[in-house]
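Colleague: Taking the hints into account, I'd like the entire structure generated from these sequences.
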Amino acid sequence: MSKLLVKADKGHGRVAHVTPQSAGWTYVGFDLHRLKPGQSASGQTGDREVCLVFVTGKGTTKAGGKDLGLLGARMSPFEGKPWSVYVPEGSDWSVTADTELELAVCSAPGLGGGLPVRVIGPDDLGQEVRGKGTNTRYVTNILPEGKPADSLLVVEVITPGGHTSSYPPHKHDRDNLPAESYLEETYYHRLNPPQGFAFQRVYTDADRHGARDLDEAMAIEDGDVVLVPKGYHPCAACHGYDLYYLNVMAGPKRTWKFHNAAEHEWLMKA
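Mapping the sequence shown onto the UniProt record's numbering, position 174 (from 1) lands on 174, and the numbers just tick up by one.
Be aware that a few hints might be false.
Stated by the list, open to error - PhoX-like mimics (lysine-lysine), calculated; alpha carbons at most 20 Å apart, straight line:
(1) K3 <-> K253
(2) K269 <-> K257
(3) K253 <-> K147
Calculated from the structure, these hints are not laboratory results.
Modeller: Right under this line is the structure:
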């Protein structure tokens, strides 16, 4: 199995756990909690900031000493927009499930920004359609660079069956602004119906001999997490199975500037 593929555990509790140490990088952390009604997840942010994303279900939420009440609405990531909570560094948080609940905990370094806890409701979220034809996908911006945070960028995407996504292939692995930013990234994947599969390739440019530093092609199943430490990272959803993914990105500067693969950039004009 690819070292970039993290298989979520079955059952309940914390079913996926990615830290900078386990991923071998510097910035991004990602946990996934699957809770039964009455079960809880909690944490201390320490020197990191956190975005709690209610992928599915509802839960009673506290953060930074504040009671935020019952949050969440949708019961499928393929319907509507999520509820989320931004939690700054030096804070605690807890969520107790009211229904079956899937909670993503996205984290990155705090930079002492002194930002407050805030609830990010569905009405706060912008949506956009990207691409054309079989490259069409639907994007919901949860924590884009235009909204306050220290390091985190969080977005979710739905790619219809038979379509490609994160395509034409692009990368963001060089701290070379304004042309390109360095951002580590995780993909949390869901499939509808859940027995489906999709594909994702993570690869770098070839040298003059045709060799690549990194070239991994993965079959993605429902609940998988993919690590993108560098390189291009396109996805393909198979016919009959829609693909959802939740992206978490962070790096030394909080901006998304990407570089398209030169040999495929003609697709942007086609």
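Colleague: Please list, smallest to largest, the hint numbers that this structure does not respect.
Modeller: 1
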